[in-house]
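As given, the protein sequences belong to chains A and B, one line each in that order. First residue of the first sequence? That's 1 in my numbering, and the numbers climb one at a time after it. First residue of the second sequence? That's 1 in my numbering, and the numbers climb one at a time after it.
Don't read these hints as lab results, they were simulated from the structure. There could be a bad hint or two in this list.
No farther apart than 25 Å at their CA atoms in a straight line, the calculated lysine to any residue pairs in the SDA-like style are these [claimed, not checked]:
| id | chain 1 | residue 1 | chain 2 | residue 2 |
| --- | --- | --- | --- | --- |
| 1 | A | 99 | B | 3 |
| 2 | A | 99 | B | 51 |
| 3 | A | 77 | A | 98 |
Chain by chain, the residues:
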Amino acid sequence: GDSVTQMEGPVTLSEEAFLTINCTYTATGYPSLFWYVQYPGEGLQLLLKATKADDKGSNKGFEATYRKETTSFHLEKGSVQVSDSAVYFCALSGSGTYKYIFGTGTRLKVLA
Amino acid sequence: GAVVSQHPSWVICKSGTSVKIECRSLDFQATTMFWYRQFPKQSLMLMATSNEGSKATYEQGVEKDKFLINHASLTLSTLTVTSAHPEDSSFYICSARDFSAGGRLGETQYFGPGTRLLVL
Chain A
1 GDSVTQMEGP VTLSEEAFLT INCTYTATGY PSLFWYVQYP GEGLQLLLKA TKADDKGSNK
61 GFEATYRKET TSFHLEKGSV QVSDSAVYFC ALSGSGTYKY IFGTGTRLKV LA
Chain B
1 GAVVSQHPSW VICKSGTSVK IECRSLDFQA TTMFWYRQFP KQSLMLMATS NEGSKATYEQ
61 GVEKDKFLIN HASLTLSTLT VTSAHPEDSS FYICSARDFS AGGRLGETQY FGPGTRLLVL
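Modelling step: build the complete structure from the supplied sequences, incorporating the hints.
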């Protein structure tokens with residue numbers, strides 16, 4: 001079945017460092033891909049999405065490109081801030097279904 | 001746009017009582033809503049898919065008599081935890097799909113802020 005694999009956390013970075021959180025997927029067909037962010041004690045907020053191969057989603061300095069050849073959707077940000085500290089979830093919406101398959105989440109801690 | 005609210009944000013109840021959690025889409029209509037459960041420092045576990053006007057579809061291992069879901073309108077779904085016990089303590093999160101968004105846009109889920117349930 002469909003699955004999403006995220007890099008293990010926690011990831012600890014200094015402010016202004018470059019961020020990469022890896023996400024790879026297994027799916028039949030052509031899923032849509034998403035990154036969500038969860039701040040402590042809150043629900044999930046949509047960060048960015050991509051619906052087809054080679055699409056790049058971007059928001060608030062974060063970017064991710066839908067790579068079908070490597071089945072990946074890695075999240076990147078050029079310069080992180082303390083306020084980016086949160087848990088990041090990669091998810092896919094499988095073809096023919098509206099259910100999400102979530103990765104395990106990656107906790108990011110940014111130090112001042 | 002695409003705001004989903006949940007009420008209450010947290011609730012403490014005694015073992016054996018029932019608790020109702022509401023999920024509302026505030027500025028769009030949602031044919032489909034999803035209910036998730038999240039344990040500390042873990043990912044979200046899908047409990048059920050709720051479709052307006054029809055019975056919810058539960059994931060394997062989720063007791064439908066324990067977690068009653070009602071989706072009576074295009075903007076409201078409720079989850080009732082019946083005869084709650086301490087092991088039901090968790091963070092419950094709902095999400096909703098925009099009814100009017102077709103194709104790939106309709107795949108995006110908008111999440112509520114979550115409800116923390118503590119059963120004593």
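To see whether the hints hold, each was checked on the structure:
no., hint, result
1, A:99 <-> B:3, "holds, 19 Å"
2, A:99 <-> B:51, "holds, 12 Å"
3, A:77 <-> A:98, "violated, 28 Å"
Of the numbered hints listed earlier, the single one contradicted by the structure is hint 3.
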